[in-house]
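The chain contents come next:
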Amino acid sequence: MYLAILLVTILYLYTIRHSGKDLLEYGIVSAGFVLFPVTSMLIVVLFQGFYGYDETMWLLPMLVVPAYAVAEIKDVIPADSRKRFLMPIICIIIFLCGWMSFDKDGQTYLCGIDDATEYDAEFNEVYDIIIEDAGPAGAEGSRKIVMAAPREIMERARIYDGRIGLAYGRDLWEVDLDYAFYEPITEEARDIAEKMEEPLPGYPSGLIKNLLKVGATYLVFDKENLSYGEDMQYPAEFSSRKYKYSRFSETRHYVIYHLG
Amino acid sequence: MVALFVLFIALVPFCLGMFVRTILDTEGQNLADYYICGFLTLIVVSGFTQLAAILLNYSFSWYCSTLLVASLAMSVAGIVISVALNRFSIKQQKKNYRDHIKGISRGGNVLGLMIIAFVFIGVLTRILLSSSILEGDFTLETINTCLSTDTIYKYNSLTGEYIENGMPIRQQILTLPVLLGFFIKTFGLNATTFVLKVFPCFVAFLYFLTLHRIGTHIYPDNTEKRLTFTGIFAFMILVGDISLKAPSFLLIYQGFTGYAFLSCVCLPYLFSACLRRKWGIAAVCIACEAFTIWTTYGVGFGVLVVAFFVIALLLRKVIRKTPGRGKEQPGKV
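So the sequences go chain by chain: H and P.
Residue numbers for the first sequence follow my numbering, so the first one is 202 and each next one is one higher.
Residue numbers for the second sequence follow my numbering, so the first one is 81 and each next one is one higher.
Everything labelled a hint here was simulated from the structure, so no lab data went into it.
A virtual CB, placed ideally from N, CA and C, is assigned to each residue, including glycine.
A couple of the hints might just be wrong.
[Claimed, not checked] Restraint ranges, calculated between C-beta atoms of paired labels, are given here: (1) P:I89 <-> H:A338: 23 to 31 Å; (2) H:R442 <-> P:V82: 49 to 57 Å; (3) H:P238 <-> P:T266: 43 to 51 Å; (4) P:I89 <-> H:Q249: 49 to 57 Å; (5) H:G342 <-> P:T266: 30 to 38 Å; (6) H:Y383 <-> P:L84: 56 to 64 Å; (7) H:Y444 <-> P:Q251: 30 to 38 Å.
Whenever a hint applies, use it, and build me the whole structure from the sequences.
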């Protein structure tokens, strides 16, 4: 709708033949280039497809020209009705065309970690447990942290602390991030990401093999995906021939293992 | 340390702006120009320092200390040269300020100014109370990686692993996360609060400063119209998050990203530079863009804005020469 407002104000300025300090001319040229399909496609090609059509709107004087037109229109309207009706009507139109018209429902996105929710506090607890177990960075005997966990924990780990390494990054499920690094995502990483979200069989040999391959040193499992053993406890360890992951801590919803 | 940061961010961009103005020899700038241009220059200096650190294999600490020294040295040089060449006249600035206040002192204009201030507070409130959208962005991860490994783009920000296969050079020169890391490391700031809340508020402040500059150029003497222009523009910022890529949306939910900085500060200020035919400042904006977002080897939105402007000026010349165009009203002040 702001685009419609821009086009209407350009038309208005053109109609009253206002030279408008280059605003009108720039508005016409930029609208022509951005809105005409051939030139807008050429702009997208110029950016090698990295930016889409939405970003080309940054080239339009979407706010400058309408604001200028409103400032100029006050000269045209008689003083009394201008004072009473013009500015409130314009503000209402701007408001209705703006925020209220954009539907944010259904948009799921990663919230800032400063939003205090029950789960956020638990995620921070998991990170703190792992960092404490690993020991001070650079100290003798400290462990390197390479974590594999359910997605909601993986997403925020490196935002919380840069010391927490991950078996795979957010670019595995956020395709918008796949431009940044040339590191390929391995099949083992994809398999781990899938299996960490599912209920685990009694002994997940394939998963453990892949985790060892990617060098994971810490595992975090959702308690809902683990089954009790005969001792009514979560599995004490997952071992292979040479290595084993031992359970060493847990929070309300998660069980944490480290490479022993 | 927070006080030192406030002092740094208040003074250094301003003095850097004086340095740039001296080099570019541009007239007709006001205090807002000094500040905005200075901050854009800080980003450019940060970009070149980062590039040097990457090519010479120096650490993030080296980058921080070099940037600090370079920015302070350029700031001092800016003050010294401006005073020596009499480019910054305190008398002129006092006169501008008095004229400004005189224009505002009428009742309606004071109300207009209060409305704009109210809208600005509204924007800040939306930024502070809204959850930041971190999807599709890894600024915080990059900052934390720089801080924990003391390197720049040597380790994968998303996993923490050493980068074996390299990284696009156009990604390596993106300096905004590293510059934010510089502030966090040098002044001991909390990374999450600074990146998700403080910096977006600062970007909002620069946005309003830029829009004030555009208004001052379009209406240098008509305070009432300037306030109307600024007020409507500001209101459109407050309620204008009409799409995921709209500048207002980016400012409120992703104000820490390069896209928000570009669409809210860099491009509008470039636009105002083109309006004033200040091509030197336009070059600074284009250089800043190359270090802020992914461009096609430096050719980005800034170059297109300048190109459109040039086309618009040529178009106007052609139309004026065309017979039967009719009389135009001259651009009103």
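Structure-based check of each hint:
In this structure the supplied range 23 to 31 Å holds for I89 of chain P paired with A338 of chain H, their Cβ-Cβ distance being about 30 Å. The beta-carbon spacing between R442 of chain H and V82 of chain P, approximately 54 Å, falls within the hinted interval of 49 to 57 Å. Our hint of 43 to 51 Å for P238 of chain H and T266 of chain P holds, since their Cβ atoms are close to 48 Å apart. Separated by about 35 Å at the C-beta atoms, I89 of chain P and Q249 of chain H break the suggested range of 49 to 57 Å.
Taken as a hint, the range 30 to 38 Å holds for the pair G342 of chain H and T266 of chain P, whose Cβ atoms sit roughly 32 Å apart. The given range of 56 to 64 Å is broken by Y383 of chain H and L84 of chain P, whose C-beta atoms sit roughly 39 Å from each other. Against the hinted window of 30 to 38 Å, the Cβ-Cβ separation of Y444 of chain H and Q251 of chain P comes to about 35 Å, which satisfies the hint.
In the structure shown, a violation is registered for the earlier hints numbered 4, 6, in ascending order.
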